[in-house]
Amino acid sequence: MLSALDKKILNAVQEEFPLDPRPFAVIAERLHTDEETILTRLETLKKDGFLRRIGAYFDSDALGYQGTLVALRVVPEKLPEVAEKINRFSGVTHNYEREGEYNLWFTLQTVSSDQTREILNELHAFPGIEDMIELPSAKKYKVRVQFRL
Amino acid sequence: MIEEKDWRIVCALADGIPITYRPYAALAKKAGMGEAEFLSRLEELKKQGVLRRVGAVLQHRQAGFSANALCAWIVPKERLDEVGTAISREEAVSHCYSRAPIPKWPYNFYVMLHARDRKTCEEIADRIARDCDLGERKTFYSVREWKKESMKYSGAEK
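The listed protein sequences correspond, in order, to chains Z and G. Using our numbering, the first residue of the first sequence is number 1, and each one after it goes up by one. Using our numbering, the first residue of the second sequence is number 1, and each one after it goes up by one.
Just so you know, the hints here were simulated from the structure itself, not pulled from any lab data. Bear in mind the structure is a predicted one, so any value in this text is a computation, not a measurement.
Only part of the chain G face toward chain Z is listed, based on derived beta-carbon distances under 10 angstroms:
no. : residue
1   : VAL10
2   : ARG53
3   : ALA63
4   : ASN68
5   : LEU80
6   : THR139
7   : TYR141
8   : SER142
9   : ARG144
Just so it is clear, CB atoms sit at the ideal spot from N, CA and C, and this is done for glycine as well.
So that you can see chain Z by itself, here it is in the shape it has in the complex (with noise of 0.2 angstroms):
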């Protein structure tokens, strides 16, 4: 269970992150306490599965990157066996099953448009896919990852 506190510093370091020598001083100044109790407390929710990462997120077009969203159909009993198969692809940053009439969506960040298509038709090839539909992105209108507790 998450304390008051825990609520507090997860909303925080979920806001802007400070880019100074002691960010940790920072968030701990922010919220009445010390960096101490900060550092071990993230420690703790970081152990705990709370936090997954603090992290620096960038733009992918501007690092010269072109992601796409693939939607696929597969056998229940191949399922594993596909995703795992996917997982091993770098530029593979999310994995989901869900439920509808495509199971297992990822989504694939490559160089180039024959990167793309050099990894779809091997993956295309791997036995359990029924159907396979590729949506590449037009525009990104967000992409704001946060979660007030």
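Model the placement of chain G on the given structure of chain Z, informed by the hints.
Chain G alone, transformed into the frame defined by chain Z:
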């Protein structure tokens, strides 16, 4: 495209920011520069929009958000920007993209919605659709996460 020195920063950050007193000092060392330069270059990348955000990502299921739906709609081309802008203001929305439709799958507008339960998620989706005057919705609730990680830019592909 960014400079070689900035690529070193991007690569140094591939595993995230450590929970330590001086996290940037350690990352700067990895990137082969001083902490001050590392931070000022990050500031600059942020100003340019290359760096979108620095912050934490939660395990949303663990944190109580157990209804996570990918919703798809067909939105007329000329309304995409208006609808995309409006929906992006919604707190429950994490991702919103328009995508190129294909003949057998005409859905061109995609939204990731997160809520504590499915009932709430449905209510939000219905309200958004009503507010934006959207038609039929395809909804795909996630049932299992097979992979979720941050992109590890290596710069090696360049």
